[in-house]
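Asker: Here's the letter readout for the chains.
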Amino acid sequence: MDKMPVQDSTPITAEASLKHLPLIGLPNAGKSTLFNLLTGGSRKVSNYSGITVEASRGELLTNSNDSSILYELIDLPGIYNLTPTSYDEGVTVATLLELEPQYNFEKVIILLDWHRIAPSLGMALGVLKRVGNKAIIIINKDDDQEVTIEDRKKLQDILGVPVLPITALDADLQTIDHFIRTEKPYSKKDLGAESLPITPLSASYLPSSLTGHNQLKIIPGKKGEEAVANEINCNLEESHRILDGLQTKNFKRSGLSEKIDKIVLHPLLGGLIFFAIFYLIFNAIYSWAGPIMGLTEQVVLMTGDWIGSYLPQGVFKSLIVDALFSGVGGVVIFLPQIMILFFLLSLLEQSGYISRAAFISDRVMSFFGLGGKAFLPYMSGYACAIPGIMAARTIPSQKERLATIMTLPLITCSARLPVYILLIGTFVPSYTVFKIFNTQALSFFFLYFLGSFMALIIAKILRLSAFKGGPSNFLIDLPQYERPSIRAALKQSWQKGRNFLKKAGTIILALSILIWLLSTFPKVSQEKIQGLTDQQSASIQLEHSALGQLGHFIEPVIEPIGMNWKIGVGLLVSFGARELFVSAMGTLYALGEVDEESEGLRAKLIAEVDPDTGKKVFDLATAWSILFFFVFSLQCTSTLAILKKETGGWRIPLITFTYMLVLAYGSSFIVYRLLS
Amino acid sequence: MIKTLAELKAGEEAHLKDFTKNPALHFKLLSLGVLPGDLIKVLSCAPFGGPIAFKHGEATTFAMRKKEAKEIIVQINAQEERAP
Chain R
1 MDKMPVQDST
11 PITAEASLKH
21 LPLIGLPNAG
31 KSTLFNLLTG
41 GSRKVSNYSG
51 ITVEASRGEL
61 LTNSNDSSIL
71 YELIDLPGIY
81 NLTPTSYDEG
91 VTVATLLELE
101 PQYNFEKVII
111 LLDWHRIAPS
121 LGMALGVLKR
131 VGNKAIIIIN
141 KDDDQEVTIE
151 DRKKLQDILG
161 VPVLPITALD
171 ADLQTIDHFI
181 RTEKPYSKKD
191 LGAESLPITP
201 LSASYLPSSL
211 TGHNQLKIIP
221 GKKGEEAVAN
231 EINCNLEESH
241 RILDGLQTKN
251 FKRSGLSEKI
261 DKIVLHPLLG
271 GLIFFAIFYL
281 IFNAIYSWAG
291 PIMGLTEQVV
301 LMTGDWIGSY
311 LPQGVFKSLI
321 VDALFSGVGG
331 VVIFLPQIMI
341 LFFLLSLLEQ
351 SGYISRAAFI
361 SDRVMSFFGL
371 GGKAFLPYMS
381 GYACAIPGIM
391 AARTIPSQKE
401 RLATIMTLPL
411 ITCSARLPVY
421 ILLIGTFVPS
431 YTVFKIFNTQ
441 ALSFFFLYFL
451 GSFMALIIAK
461 ILRLSAFKGG
471 PSNFLIDLPQ
481 YERPSIRAAL
491 KQSWQKGRNF
501 LKKAGTIILA
511 LSILIWLLST
521 FPKVSQEKIQ
531 GLTDQQSASI
541 QLEHSALGQL
551 GHFIEPVIEP
561 IGMNWKIGVG
571 LLVSFGAREL
581 FVSAMGTLYA
591 LGEVDEESEG
601 LRAKLIAEVD
611 PDTGKKVFDL
621 ATAWSILFFF
631 VFSLQCTSTL
641 AILKKETGGW
651 RIPLITFTYM
661 LVLAYGSSFI
671 VYRLLS
Chain A
677 MIKTLAELKA
687 GEEAHLKDFT
697 KNPALHFKLL
707 SLGVLPGDLI
717 KVLSCAPFGG
727 PIAFKHGEAT
737 TFAMRKKEAK
747 EIIVQINAQE
757 ERAP
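One line per chain: the protein sequences are R and A, in this order. Per my numbering, residue 1 is the first one in the first sequence, and the count goes up by one each step. Per my numbering, residue 677 is the first one in the second sequence, and the count goes up by one each step.
Hints in this document: simulated from the structure, not taken from any laboratory. Among the clues, some could well be false.
Result set (DSS-like, lysine-lysine): computed pairs, CA atoms no more than 27 Å apart in a straight line [as the list claims (entries may be wrong)]:
{"id": "1", "chain 1": "A", "residue 1": "K685", "chain 2": "R", "residue 2": "K262"}
{"id": "2", "chain 1": "R", "residue 1": "K523", "chain 2": "R", "residue 2": "K317"}
{"id": "3", "chain 1": "R", "residue 1": "K615", "chain 2": "R", "residue 2": "K604"}
{"id": "4", "chain 1": "A", "residue 1": "K697", "chain 2": "R", "residue 2": "K223"}
{"id": "5", "chain 1": "R", "residue 1": "K222", "chain 2": "A", "residue 2": "K685"}
{"id": "6", "chain 1": "A", "residue 1": "K697", "chain 2": "R", "residue 2": "K259"}
{"id": "7", "chain 1": "A", "residue 1": "K742", "chain 2": "R", "residue 2": "K523"}
{"id": "8", "chain 1": "R", "residue 1": "K399", "chain 2": "A", "residue 2": "K742"}
{"id": "9", "chain 1": "R", "residue 1": "K259", "chain 2": "R", "residue 2": "K129"}
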């Protein structure tokens, strides 16, 4: 699961020594890269507008050296101007006008994009008119050091604020840190008192408490539109005037980007490339990670055996071997897949392809009542629903936004990965079809497709019923392609891998121990297992445990979808977190076994035989029934919590949970009947 | 010749005449540095009436839907350049 973005609304003015430095810039200007550089935090960076949807905060790395003044950076969503057209832009404008009382501003850092210097400077001029007395400017992406010393001086004289050209990908951290800490706007100019014209529609994206702010002038009707257009125009014209006076006549040529776009945005080729890229990603997760995963599994199993051989027979050994190694270890072996997924997604995001994917998918998305703007939230959903649900704030229409976040949990997130890989790898026979496609990789791709497709269908239904309305505006900036940084991708992948391990080491460990406790106690009396083989007594013990009894209690409900009580217990605990299914199965099957030899969970699942019928418990029908259940059901407490937070009540999360459960059960039922 | 932006084909160029009809679009375009009179080139049209990608100047590329492009009036082969 993804790390939750930093966000708390508690006032922190009490810490008087902590000063806040908001970071303002065009979407995709490199704010998050700079933020990561200065704070050491791993804020997600990508080459797509709208990745920063919530103000996230981080203290400067150098705070530990100089404790007299502590600075905290606030990474804000990108803006083109001060007229918000969506909720995320509203966050930035509201914060900027110092309307959010919890911040203690000292300076505002305006980040300009040298590749798009004219619009950047235009935006900056608008900001300077409001908070110029607090602003300092950093010019990012000056990769070839085109900004001369004279130009820098000239800009400082005209703007009245200090200017520093940098390149964030390869920056001198000390220089930037020093600049931020010491530089102040020059006082010779009177900056930052002008009022801001705004239309009533734009005001609706701001918190309602702010409409009375003295710097905000809400003008209705045509007059308002003219005033806003005039404001933007003036800034842009001045921006051009200033740039014309500079020595450097930059401005990045986009020849290569255009050539790539000719192919990537081609009506026919574009679609093929789109599918090829995504198939490749899923194939990579599946095929490339296979051997590494096998190796990890071996290491975990062997370590478990080795440690187990030194422990005396008894409850403690069972706890270590069955809860720790079979439970938690069973989840940990999926680390390579998680890391490969995030590595590839990071490369894709950095390259600038994601906004092209939004372009290509917009027609299909709008057929289902969403738009290309829902593509990024959906895309994030493949990692985790939580950042996806938050990214949906970039969607201007409230109804479209709700339809997006209510269907987002259907997108296959990385927590489903362990379950899919376990079951497909164990039960779907692997052979090659049409010469290049592997059946297991195809099954995998199919599950991803199924979730996404159903998300769109439900979105369409929602948009035709409860959330009726036209599509939102769609103007999407297609940033120039950039060579993705392998280092950043590795860092991202490492970060996500670490979070995954952390989750395995905390929540999953705790719950695995709980599952082990509930499936070990209460102990059956000695008479009951007298005369039975060790194997039989172990399985009787398991059936009489608390979890075993619970499993038998729910068996009537899950029997129609082809599951036995053990799987039922796995399903039940997976409502806490999906990975728990794997760890619960690991523990249950390890407990039911006597010999603790290195036999993986896969082998145990294949071998299990129903004691009554003598048939194999798991066949293809059961496996697919479980898979369908996992595709559709909302088994994640964190997602429910974020749905409540984003919609301001329990209604939407409850409806979402219920419809997904009905879908999950219904589809499992049908699939099981069809296949068995 | 006066047309709407949606009527242009891939590779064609035209000068922008009026794009004030949709305020949100208007403000965004202005902020990107796209002004009335500017030359704009169609890069690609997504199939089945999907969005259209445009290029403006040297480094600005953006896309909008057909529906929005219909609200923008352009002039083809206009001799006059952007007004000072």
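Asker: Assess, step by step, whether the Cα of K222/R is no farther than 27 Å from the Cα of K685/A, and give holds or violated.
Answerer: Violated, at roughly 32 Å.
Asker: Does K615/R pair with K604/R here, judged by a C-alpha cut-off of 27 Å?
Answerer: holds, 14 Å
Asker: Tell me if the straight-line CA distance from K742/A to K523/R falls inside 27 Å.
Answerer: violated, 69 Å
Asker: Does K742/A lie within 27 Å of K399/R when you go C-alpha to C-alpha?
Answerer: Holds: K399/R and K742/A sit about 21 Å apart, inside 27 Å.
Asker: For a C-alpha distance cap of 27 Å, please report whether K523/R and K317/R respect it.
Answerer: holds, 16 Å
Asker: Hinted pair, alpha-carbon criterion (27 Å max): K697/A, K259/R. Please report holds or violated.
Answerer: Between K697/A and K259/R the Cα gap is close to 32 Å, so the pair fails against 27 Å, i.e. violated.
Asker: Would the hint linking K685/A and K262/R be met if the CA-CA limit is 27 Å?
Answerer: Roughly 14 Å separates the two Cα atoms, so the pair holds.
Asker: Between K697/A and K223/R, is the straight-line Cα distance small enough, at 27 Å or below?
Answerer: The given pair, whose Cα atoms are some 14 Å apart, holds under the 27 Å limit.
Asker: Please verify whether K259/R and K129/R have alpha carbons no more than 27 Å apart.
Answerer: violated, 39 Å
The structure does not agree with the numbered hints 5, 6, 7, 9 stated previously, though it agrees with the rest.
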